[in-house]
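4 protein chains.
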Amino acid sequence: MASTDAVKAALKAQHIETPSWAYGNSGTRFKVFAQEGIPRNAYEKVDDAALVNEVTGVAPSIALHIPWDKVDDYADLSKHANDKGITLGAINPNVFQEDDYKLGSVCNPDPAIRAKAIDHLKECVDIMDATGSEILSLWFADGINYPGQDSLRARQDRLAEALQAAYDRLSDEQRMLVEYKFFEPAFYATDIPDWGTSYAHCATLGDKAQVLVDTGHHAPGTNIEFIVAFLLRQGKLGGFHFNSRFYADDDLMVGAADPFQLFRIMHEIVRAGALDKAANVAFMLDQCHNLEPKVPAMIRSVMNVQEATAKALLVDADALEEAQRDGDVLGGNAAVMDAFNTDVRPLLREVREELGLDPDPLAAYKRSGHAERVREERKDGQAAGWGA
Amino acid sequence: MASTDAVKAALKAQHIETPSWAYGNSGTRFKVFAQEGIPRNAYEKVDDAALVNEVTGVAPSIALHIPWDKVDDYADLSKHANDKGITLGAINPNVFQEDDYKLGSVCNPDPAIRAKAIDHLKECVDIMDATGSEILSLWFADGINYPGQDSLRARQDRLAEALQAAYDRLSDEQRMLVEYKFFEPAFYATDIPDWGTSYAHCATLGDKAQVLVDTGHHAPGTNIEFIVAFLLRQGKLGGFHFNSRFYADDDLMVGAADPFQLFRIMHEIVRAGALDKAANVAFMLDQCHNLEPKVPAMIRSVMNVQEATAKALLVDADALEEAQRDGDVLGGNAAVMDAFNTDVRPLLREVREELGLDPDPLAAYKRSGHAERVREERKDGQAAGWGA
Amino acid sequence: MASTDAVKAALKAQHIETPSWAYGNSGTRFKVFAQEGIPRNAYEKVDDAALVNEVTGVAPSIALHIPWDKVDDYADLSKHANDKGITLGAINPNVFQEDDYKLGSVCNPDPAIRAKAIDHLKECVDIMDATGSEILSLWFADGINYPGQDSLRARQDRLAEALQAAYDRLSDEQRMLVEYKFFEPAFYATDIPDWGTSYAHCATLGDKAQVLVDTGHHAPGTNIEFIVAFLLRQGKLGGFHFNSRFYADDDLMVGAADPFQLFRIMHEIVRAGALDKAANVAFMLDQCHNLEPKVPAMIRSVMNVQEATAKALLVDADALEEAQRDGDVLGGNAAVMDAFNTDVRPLLREVREELGLDPDPLAAYKRSGHAERVREERKDGQAAGWGA
Amino acid sequence: MASTDAVKAALKAQHIETPSWAYGNSGTRFKVFAQEGIPRNAYEKVDDAALVNEVTGVAPSIALHIPWDKVDDYADLSKHANDKGITLGAINPNVFQEDDYKLGSVCNPDPAIRAKAIDHLKECVDIMDATGSEILSLWFADGINYPGQDSLRARQDRLAEALQAAYDRLSDEQRMLVEYKFFEPAFYATDIPDWGTSYAHCATLGDKAQVLVDTGHHAPGTNIEFIVAFLLRQGKLGGFHFNSRFYADDDLMVGAADPFQLFRIMHEIVRAGALDKAANVAFMLDQCHNLEPKVPAMIRSVMNVQEATAKALLVDADALEEAQRDGDVLGGNAAVMDAFNTDVRPLLREVREELGLDPDPLAAYKRSGHAERVREERKDGQAAGWGA
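Protein chains in written order, with UniProt numbering: chain D, 1 to 388; chain H, 1 to 388; chain C, 1 to 388; chain R, 1 to 388.
Don't read these hints as lab results, they were simulated from the structure.
Check before you lean on any hint, since a few could be wrong.
Straight-line C-alpha distance at most 16 angstroms; calculated EDC-like pairs for lysine to aspartate or glutamate [stated by the list, open to error]:
1. D:K31 to H:E98
2. R:K102 to D:D326
3. H:K31 to D:D100
4. D:K102 to H:E36
5. R:K366 to H:D328
6. C:K102 to H:D328
7. D:K102 to R:D328
8. H:K102 to C:E377
Computed from a prediction, not measured in an experiment: that's the story for all the values here.
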């Protein structure tokens, strides 16, 4: 078991990136319920993300979604972020919201559309150059809805070609993370449905390509921490998109549906030493708050990751390894459960106080008056949302 | 095994209702890809449904969605339908697309919003009175996204109250079908998640309330034909919303994902004599065509139901029952598989010819010039879609 | 929020029944790994159950499985249990391990086999009369493996007849709980696959028939606490078979796979006042320890239920209801999560000390020398197991 | 579309291997229902497999399971098979039925047990040398039941070591297929849970290691044909274990649960030219007949694969590719469905007649008197089964 000081140090050094799109309006195919005080542009999203960092101390970057967060001057946006105490993080290309992409983007049967999609990927690396972002975060909505709609095999060939083109555009300081998704918006076959597909492509591409694990993108019953442990072993875990789900949608607050699963994932991270910055694993949130207010939901989510991490750090590694070595099934399980059953909130309050923060980030948020202020400031104009 | 004449007679008498909303634009939360020639109002949706009936001969009614299909004069819309050879079918209230319904409609914690939703249900029965529709088709998007968001129990009490209010408004010629849905758009708990919940409410309400089985609304691995057989035994199968899905979305063309399952469902229907009009089981489609053109997709869907029905009618009931009585596992299975493996398309061509139709409905559709005509006629104005 | 005294009182009054079969050897279809010190008969199973009660204080009864636990003199077995401080609990008929039951028991196409199965059910009520057990706990392995193997509908008729026969045999102090199971050992259709099927049969039978919820018997993604809340509303929740599973097998220690789910279930129980003995909900364990030693695994399981119960009792009901009334999504969720995140182990140590027990049941078990003693005492003869 | 002659030629050349263990008794953890006429040893299993080949013409080899099929003289067993018209196929090591393997075989924390397991793998290659088998078919029951029971990562290291040892033992004419399984008998984590894990290990090992796809070993909703197409693209599809399942067990007759899925899999095989012997894809059955008589069930299974193959061969490739190129969603789907909806049984009757076989294999089996003969001949002695 790590010393309390080591645990605290790890928790203070944690870096959880929040996504710009979570600050905008979102919903289901049935309805988007608009909220008040929603940012109208990338600058205001940065402001919200900065506030989340201000009260939690561990969310010092914001991921961007292009073109949703397109600005004229990325250096200026980057400076705005820095002024607010955060940086611009991963760049997420969007190749699913134009009419051209109806039958896919990089896997589209039409070569002209594929070329357009690839151009957008390269454009996003241009933006990375401008912002200093190190991660190109790739998710494709590509797939097919019916058997026979397109060739599964041909689509893989097209995918490989596009990934190669994007890969070749990366500088040595940049890397690309390839996300997989079990289903949606394609309903018969998605072109990167599982970690194996992403892994195989990344292995072919080289060291700058790694797998991105979105915790909401798996078949029912999938053991996600196994995947995490396996990818770490292979040196191919690039990072996470954290969120949670009970059944099929992947956008609830991380840790809300299965906090034990989140703990088990962080346990594998800690066991592999991958919390360390040198391991280069990106911890990013990717979730949309359809009903709950967005900024406090994001604060809560960051806290949920912190709590799972703290519990993982508290596992008594010696006791665990001894039990495992001895084939003591109940003992090994108990070592893990003891940590999970610990209430780490007092520890995290201490960590925050030592960082000069309010021990209660949600109370600090409420006291900040941010919600009231933006409700007034942002009442005119077009609230950001998917596609806006 | 029924005689060929009896099989043909049953196929000619089949009645499959198509849904108005399937003729409008639809999509996923990621993107709605607009199509050309989309109806702009209820009248034009009726026109499209009438064409589906014209070429298939077995789709003589259209379900309406209120308020999407609101018109000033329902008698006039009804007359328009009749002129085109079809009737207005089930009325589907919509209590999920107004901002008030963010936390639910009939289960909302706010009594004023519940009252508003109940009023809409009653308004829909008024419309039934005007259109002569006999079915009030109830689906609620109600549910919660997080444990603790609301009381599961209190929501059931509110639901029961609303169902009772709608039930009391029905005339003796009218009935209400209560649909259940496993998940979406609520992600932690839907208020009617399974057939058991719907059944229990309907049993309390009385004979005019029955369960509606949407084939896309079940947990993975659920044996839907068991539910169908069970509800028929209890006299509580009101009807179907047909569609299909591979994993989680429920809007693919019926029979596209698992034609064997559709056959098994129709097999239970045939075995229970429930294809007979007297059984009062409504066979309705409920699907949205996000990528494929809507009218031919609907024609294909109707044909898929016909083919499954024809196969079910061809099961050798004597051989099946003998094998079942004898505990002949392979024999019983073979009786069912023999029918499923039969190519019933020639039989259905004959049926259509005997009905005076083109044996190939899709060819007839293409020859009709409908697609080209509506592309031109409907190019101005607002295409119908969810919420329009 | 209940006072600490009230919480403690509730925890002291808790009654968790352990199953006799969990003390015998068990395994998968691939292999049963025998353990040492396994009981050889019902008396020795009672001894093990008594020890679990001795160290936990809240497991004062043992469920029996007939014929596995058949004895010549049930009064004597009952006296043995009483001498050890426990009572004989639910009686579980076994109609799945004789060759006759290959195609089912009460649903078998052969009337002679059905009659035999019904006789066994009645025999089990005779045993209840002899032991004073109040619960007949019914689970049927019945079902079919292939479409067409048997008639789904006819099997329901046979099931209804058998349930009625057993029901009619019950005295007024006895009740029957009807368990459902999603799959296994039947692979195409089980005859009671879900709570709805069990509920519909119980509703027909009357007040002495109630639904038994086995927490491992649901489709992936099923919201079990919804079912619990719904059945409580209908007055039809008879009790639980607690265990847990990650994907498909239902025999891991309760709380091991998803402690948050167990907490949510207990939260619904507490909210409905169903922890109270007057509510007549039976809390029974049903799990098999294939790898881990059985007695400590059972102690751990009892503790897991206690911890989930303690957390559920700690939910601040006023704060929860206020948030729910106000539509405060994050607030309602927080009220629930605050309780779940609390470490209740210190509270339970206090509860145990106040009951005169060792605060650490597993330590007390180890100190008792039971494992060593039975390893020696029981080394000859046939260890109990499924079918033995 | 291939010419009828080409289709027939492909069907005549098909090679489907049946598994020795399917001819022995099997069951669930609840009960093994013994059948009559069950083989008592490897020679009699060969006899049954030979009969399946005799009536179908396309099942000319039998897979062996060691130690279940251990014999003193493999050359003699091989000669016996040849005399009966078949050959000995894949060798399947069994490292799950000894008490030592309780916590795993090649992943066991105890190095001595790992060494023992590796020795068994090598012994199986010795047997391959003796029988001329070219395939070492590896499935491990390894895994853990509880979080913390063992280190996920350490187990992968041990697995890699064992796979390497087996790999190094192979001659150039031999290869090893690495099977994955989603769950069971381990319930928290299996050590090779998915194709990605198997693929990554095989990629490290080299060309003689390939992935084995068991059609019953996936999470719900998994698109198996995608995996097949992907592995073919990577040159890593070693073969199949065919069977089917509705929910979670993987031992129903192939094609029984979802014949459309089987067709889609064979469609990918045909599209990739992998039906050709040069593609080196092994088509093996792996299923257990718990209720149905084993030899006719196996015949039926072989016929099901034939029918799916025939349908796949009938897909109009030109029409399909044109529709795919044009983005014609309905057209592409129709090309596939047209083939699936074709009744290929007449074509297969012709194929059999041209091979000099009875067009109806099940009728030929019945006429053969095999069932009656073996019932008498094998009534004494110990029927083969798992572990026997």
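Hints, verified against the model:
no.: 1; hint: D:K31 to H:E98; verdict: holds (8 angstroms)
no.: 2; hint: R:K102 to D:D326; verdict: holds (13 angstroms)
no.: 3; hint: H:K31 to D:D100; verdict: holds (11 angstroms)
no.: 4; hint: D:K102 to H:E36; verdict: holds (14 angstroms)
no.: 5; hint: R:K366 to H:D328; verdict: holds (14 angstroms)
no.: 6; hint: C:K102 to H:D328; verdict: holds (12 angstroms)
no.: 7; hint: D:K102 to R:D328; verdict: holds (12 angstroms)
no.: 8; hint: H:K102 to C:E377; verdict: violated (65 angstroms)
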